[in-house]
Amino acid sequence: MSNVADSTASNDATLDGHHGDAHHDDHHDHIPKGISRWLLTTNHKDIGTLYLWFAFIMFLVGGAMAMVIRAELFQPGMQIVDPNFFNQMTTVHGLIMVFGAVMPAFTGLANWLIPMMIGAPDMALPRMNNWSFWILPFAFLILLSSLFMEGGGPSFGWTFYAPLSTTYSNDSTGLFVFSVHIMGISSIMGAINVIVTIFNMRAPGMTWMKMPLFVWTWLITAFLLIAVMPVLAGAVTMVLTDKYFGTSFFDAAGGGDPVMFQHIFWFFGHPEVYIMILPAFGIISQIIPTFSRKPLFGYASMVYATASIALLSFIVWAHHMFTTGMPYQAEIFFMVATMLISVPTGVKVFNWVATMWRGSMTFEIPMMFAIAFVVLFTIGGLSGLMLAITPVDFQYHDTYFVVAHFHYVLVTGAVFSIMAAVYYWLPKWTGKMFDITLAKWHFWCSLISVNVLFFPMHFVGLAGMPRRIPDYALQFADFNKWISIGGFAFGLSQLIFLALLIKACRKQGEPVSDQVWDGAEGLEWEIPSPAPYHTFDTPPVVK
Amino acid sequence: MRRLAKSALTACMMMSSGVYAEAQQAVSDINLRPGVTDISSQVYDLHMMMFAICVGIAVLVFGVMFISMYLHRKSRGVKPANFHENVKVEIAWTVVPFIILIVMAIPAAKTLIAMEDTSAPDMTVLVTGSQWKWHYKYMDSDVEYYSLLATRREEIENKYDKRDNYLLEVDRPLVIPTGQKVRFLITSDDVIHSWWVPDFAVKKDANPGFINEAWTRVNEPGIYRGQCAELCGKDHGFMPIVVIAKEPAEYAQWVSEQEEMRALAREEEQRLLAMNMDMSELMAEGERVYNAVCAGCHMPNGEGLPGVFPAIKGSNLALNDMPGHIDIVLNGKTGTAMQAFGNMLSLKELAAVVTYQRNAWGNNTGDVVQPKDVNAIAKGE
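Chains E and D, in that order, are what the protein sequence lines are.
Take 1 as the starting number for the first sequence in my numbering and just add one per residue.
Take 544 as the starting number for the second sequence in my numbering and just add one per residue.
Read the hints as simulated data drawn from the structure, not as lab findings.
Please note that the accuracy of each hint is not assured.
[Claimed, not checked] If you want the footprint, here are the derived chain E segments under chain D, 3+ residues with CB under 8 Å:
#1 202-211
#2 375-384
[To be verified] Beta-carbon label-pair distances, calculated as ranges:
#3 Ser36/E x Ile610/D: 38 to 48 Å
#4 Met260/E x Asn762/D: 50 to 60 Å
#5 Ser618/D x Lys507/E: 48 to 58 Å
#6 Pro327/E x Leu669/D: 18 to 28 Å
#7 Lys481/E x Ser571/D: 52 to 62 Å
This structure is a prediction, so every number in the text was calculated from the model and none was measured.
Ideal placement from N, C-alpha and C gives every residue a C-beta, glycine not left out.
Just need the whole structure built from these sequences, with the hints factored in.
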């Protein structure tokens, strides 16, 4: 798999200004013990670990809700839950996966990796870093506890369209709004930290165009977060005041407009989907060159493509709302702008394939996830291109075709990239190679089941099955059974991952070299494995 | 292909004058349907064009990738090349997709403009969504009615076998003429709904307080089924749409029948005001109405959903305050999900359902509410 040689000294020579740092770092490693280590930590690695474990737990909780959804949809008729609870499951599943699993996982990776990649000793604002993590569990505690209220938790979809979320919702809405505010504050603080760190703490010689792509994509993501999380905060606040304080932002009877809610929400919501995919692009751009043993093709175009996608993401929001009734001129604008996004996205995919071309490839676990990402994310991207075509979107909109599309980009896209990243950097974090047999089981079970789960959704969607329904017409029964089976299998496959991670955290496995993977390049592969508690006390010089 | 077996049966149970065999339209299990209008077939063609282009791109990209994965493996002893940019290639794969996009956008824009052109309709129907039913009002004639799910609760609860059009059947379908441009004005009484008939390629949101427009011109007579497409609360999955397209002559006949029926119903109302109905008649009718329109929220046992929909069983309104009870059923309660049923139900139905609520599930008030009592409160007497 890789050259598993235990060497700490050999790599020091490659870093100017880093002589004998292994000893230096060890000397500083006063790792606090017990629970207070985790509660009070300001260490980017500890906080990264906290974020990643939190995200994984939320992934399992949100996944359990998906299991409830799939169990109810296993066959026609109402069997297990009532429609009101079903709607709570779809709503909270979406909120947890977006805000509790994918976003915190990327923030965790940013915490672990950005300082190590740019040669910084820690994040720029370590106390804020601690706070931005520790408010997160409370946000989700509030959200989850609302499920036990009389009438249940939020049931209006994760998109909380007014007036369903205002006049027609129950009192869990107040808790929902409060928890979204906390999630938003956490995200904004995390983003500020990333930006300040990257701007100020790069090692000498780490110029902008030498930064690893994961750092670049996260920098751009952080700006997106700062731009749109306040918009989400505004949207939830208006929902709160419409419901409880007599305002009429979204109520025509008072001069408001329910469609304005959707404009505001999707002005946040569309950049949000890029917040969940740009760091994934960064991860894949790190992994593919390593296992192709060849530099990334088109580094500069990758940076520009990421920036273009980020900018375009602000002018496409209404493609989520083609059926709300817009002038056709506006529909054509949003259609064309949306189609344009496929150009820079295509450039990225072409670059990854060109990186593999004439490389010398090996297929370790991170590479397997990365290749699965390229194929399956591209499928999601192509169905996205189909969805951009307004007249056809009228047929696709709010059907399972859309559900298939965004699960391909978010599960086999974002989530697979996170798994790829964990497998890629885990040996660096723990100093031990993870259990490769379990990892292979995890990969193949996930890959097969995720396609049994999401691919047939294209079919039922095209055949006319609306999304967010607890029961369906008989013609959709056969595919739904398969979708549910795929869902249960995908859910169970993640328990293999859990077992692997527990083993890894107990430091079981073969020790790895500093470089871990034999094509790996970058500062994080030049520090010892496992990464010491403190790294780069004195900055390295990047040539 | 069970659902391809056409059921004339469902047509019989609908409020239509004739028995209709469902048109032999191709409905696929795995693909969009071409539908029965010129627009829907254009949409289908666009969809197939997009699909073909996407498959082409995928085959090309994945093909190159898999060839590379086969040829350029370390296990074959390949030494890696070291190239990492190529301006010509990079320009090519930016410009070529751009051109492909323009090729896609032009026919799409043409179809879109045609879809949004609601001018010069032959007739207009006002479609109003509410939790969880549709209301159709023919703007050119004196016809309007609600259209509710006709699937029996026992089928949903798996007590009876499910019929062919399970969840896709309504008590009173929308009826429109073939060959004419029918404009739909679409709005909502409460939350956002979305009126979708796949065979027409019409999907338009019903926004409360605003009116959207859409249109269709159906080429073939037949029965076409759709569903609400926008999450609208608990029973979002249970508010289907059924449209029957009839030849213009038959349609005209249907309209005049409907107008006659409405006139008769009005006379009947006036007659009812002068007489008293007995308890058992009111209770039987009340139970039917309750299960059709009230049970969605207040549940068949009258207990509601705590925290969401209030109980009627044991409530102060149902046990004591009779005028208040009649008033809330007639006029609804603003700021809540309680709708005004004064326009939806006849005086007889209103009297029956209030009587039922005051005497069912142990609410044994013994009160009998007559149509004239309801009328008095409706008229503010």
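Against the structure, the hints come out as follows:
1. Taking a C-beta to C-beta cut-off of 8 Å, the segment 202-211 of chain E contributes 0 residues in contact with chain D, too few for the three needed, and the coverage statement is violated.
2. Interface restraint, the segment 375-384 of chain E with chain D: holds (5 residues with C-beta to C-beta distance below 8 Å; minimum three).
3. Our hint of 38 to 48 Å for Ser36/E and Ile610/D is violated, since their Cβ atoms are close to 55 Å apart.
4. Judged by the Cβ atoms, the range 50 to 60 Å given for Met260/E and Asn762/D is violated: they are separated by roughly 38 Å.
5. Our hint of 48 to 58 Å for Ser618/D and Lys507/E is violated, since their Cβ atoms are close to 31 Å apart.
6. Checked against the hint of 18 to 28 Å, the pair Pro327/E and Leu669/D passes, with Cβ atoms roughly 21 Å apart.
7. One distance hint, 52 to 62 Å for the beta-carbon pair Lys481/E and Ser571/D, is violated here, with the actual separation near 19 Å.
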